[in-house]
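Student: In case you want the letters, here they are:
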Amino acid sequence: MPWKETDYLPSYEELTVPELTLTTPVMRAGALHFGKYCDNQCKEFMLCYYETMDPRKCLNEGKEVTRCGFEFFGKVKKHCADEFTKFHECIDFSSRDLIFKPCKKQQKIFDVCMREKVGIERPPVGYFSLTRVHHTERPKHTLPKIPLPDPIPDPPSVEGRIPKHKYWPKRGLFS
Amino acid sequence: MASSGGYTQDLPPQGGYGPIDWAKRIPKRVNGFMVFGSFIAFTTAAWVIFMHRRRIEKGHDLEVNDARIAVHPLYEAERHRMLMRLHRQNRDEERELMKNVPGWELGTFYGEPVFYNMRERFYHPTLEELYAHTKWYDIYNKAFEKLEH
Chain C
1 MPWKETDYLP
11 SYEELTVPEL
21 TLTTPVMRAG
31 ALHFGKYCDN
41 QCKEFMLCYY
51 ETMDPRKCLN
61 EGKEVTRCGF
71 EFFGKVKKHC
81 ADEFTKFHEC
91 IDFSSRDLIF
101 KPCKKQQKIF
111 DVCMREKVGI
121 ERPPVGYFSL
131 TRVHHTERPK
141 HTLPKIPLPD
151 PIPDPPSVEG
161 RIPKHKYWPK
171 RGLFS
Chain Z
1 MASSGGYTQD
11 LPPQGGYGPI
21 DWAKRIPKRV
31 NGFMVFGSFI
41 AFTTAAWVIF
51 MHRRRIEKGH
61 DLEVNDARIA
71 VHPLYEAERH
81 RMLMRLHRQN
91 RDEERELMKN
101 VPGWELGTFY
111 GEPVFYNMRE
121 RFYHPTLEEL
131 YAHTKWYDIY
141 NKAFEKLEH
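Line order of the protein sequences matches chains C and Z. For the first sequence, position 17 matches number 17 in the UniProt record's numbering, and the numbering has no gaps at all. For the second sequence, position 9 matches number 9 in the UniProt record's numbering, and the numbering has no gaps at all.
Looking at chain C on its own, in the form it has when it is part of the complex (with noise of 0.2 Å):
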């Protein structure tokens, strides 16, 4: 491996947080509204991986979108749990692959309940799939610069040393 012992490389301490322990299609039955809920975290998050490319940089906003999941499934539970069980329950059995289609009328009473106990709207089809834009406050993250070595001097010049060639074109494009 190619880590030093001077790199940088997080803790046990620092990297264990509690986790989600959902299954596939409580997230699935859940994605939507924990998009929109959890917008600027998860933007916040995704963006600064994008830039750094880094796992170790983006450690604390990954424990922002877990906290967040947390809080965010945690209303569910309180507010929404018969709803949203009969919807993740319908996702899970319906399909195969998970597809919201035949649980369109759950998914509907999970919707009303949403909007009116908890407060998110579900985002219109096609939200997440469009680019969105984002606004941080974070710096963006540039790579400390490096002394380049010294530039290749220039060659010497040519002129008057090529010779003309006799039966190439005096004008045009190539002269």
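Note that these hints are calculated values from the structure, not bench results. Using N, Cα and C, we set each Cβ at its ideal position, and we do this for glycine too. Some clues are possibly wrong.
Here are the simulated lysine-lysine pairs, DSS-like style, with alpha carbons at most 30 Å apart [claimed, not checked]:
#1 C:K86 / Z:K58
#2 Z:K58 / C:K104
#3 Z:K146 / C:K43
#4 C:K4 / Z:K99
#5 C:K63 / Z:K58
#6 Z:K58 / C:K101
#7 Z:K58 / C:K36
#8 C:K86 / C:K4
A few chain C residues that face chain Z, going by a derived Cβ cut-off under 8 Å, partial list only [what the hints assert, rightly or not]:
#9 W3
#10 E13
#11 L15
#12 V26
#13 M46
#14 L47
#15 Y49
#16 M53
#17 R56
#18 N60
#19 E71
#20 K101
#21 Y127
#22 V133
#23 P139
If you want the footprint, here are the derived chain C segments under chain Z, 3+ residues with CB under 8 Å [said to hold, decoys possible]:
#24 63-70
#25 141-152
Got chain C; can you put chain Z on it based on the hints?
Tutor: Coordinates of chain Z only, in the frame set by chain C:
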């Protein structure tokens, strides 16, 4: 075989058979405009229905795509933490393994750096390197995990 009981001779119907229909029958010709018009009408109707259905189906697909994108940061954050833990475990393992080798420095080949990494960029190792300190079947299970389900 022949008996007088239920025996009846098979005969033509009373009054004889009808006349044989031998004349050539030409079906009534349909107007060419009618043929082409009905073709265009049916095709247009089918196309409209198809586009309508396609829009609905694409909407369903788009919603699933939305859901996948929305939860991706959650998975990504957790995956990063697991990855960093694995990197750290690998470094600890290497330190433990090479402690009796004189002149060995961590992350280098006897003091010579393996990578040109002056800007402190993150190194994304291959699967073989990440799982170097595990059993062979661990990397096998990881690489072919998708075949399990």
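Student: Now tell me, hint by hint, if it's right for this structure.
Tutor: Quick rundown of the hints versus the structure:
1. C:K86 / Z:K58: Within the cut-off at roughly 25 Å; holds.
2. Z:K58 / C:K104: holds, 15 Å
3. Z:K146 / C:K43: Since the Cα atoms of K146 (chain Z) and K43 (chain C) sit roughly 29 Å apart, the hinted pair holds (cutoff 30 Å).
4. C:K4 / Z:K99: holds, 14 Å
5. C:K63 / Z:K58: It is violated: about 34 Å lies between the C-alpha atoms, which goes past 30 Å.
6. Z:K58 / C:K101: holds, 11 Å
7. Z:K58 / C:K36: OK: K58 (chain Z) and K36 (chain C) at ~21 Å, within 30 Å.
8. C:K86 / C:K4: Status violated; Cα separation ~51 Å.
9. W3: Status holds, d = 5 Å.
10. E13: Violated. Min distance 11 Å.
11. L15: OK, holds: L15 (chain C) within 8 Å of chain Z, min 5 Å.
12. V26: violated, 10 Å
13. M46: Cβ of M46 (chain C) sits 6 Å from chain Z, so the hint holds.
14. L47: violated, 10 Å
15. Y49: holds, 7 Å
16. M53: M53 (chain C) check passes; min Cβ-Cβ to chain Z is 6 Å, inside 8 Å.
17. R56: Check passed: Cβ of R56 (chain C) comes within 7 Å of chain Z, closer than 8 Å.
18. N60: This interface hint is violated because 10 Å lies over the 8 Å limit.
19. E71: Because about 12 Å separates E71 (chain C) from the closest Cβ in chain Z, which is outside the 8 Å limit, the hint is violated.
20. K101: Interface hint status for K101 (chain C): holds (5 Å vs cutoff 8 Å).
21. Y127: holds, 6 Å
22. V133: violated, 15 Å
23. P139: For P139 (chain C), the interface hint is violated, since the closest Cβ of chain Z sits about 17 Å away, which is over 8 Å.
24. 63-70: Holds: 4 residues of the segment 63-70 of chain C have a Cβ under 8 Å from chain Z.
25. 141-152: holds (count 3)
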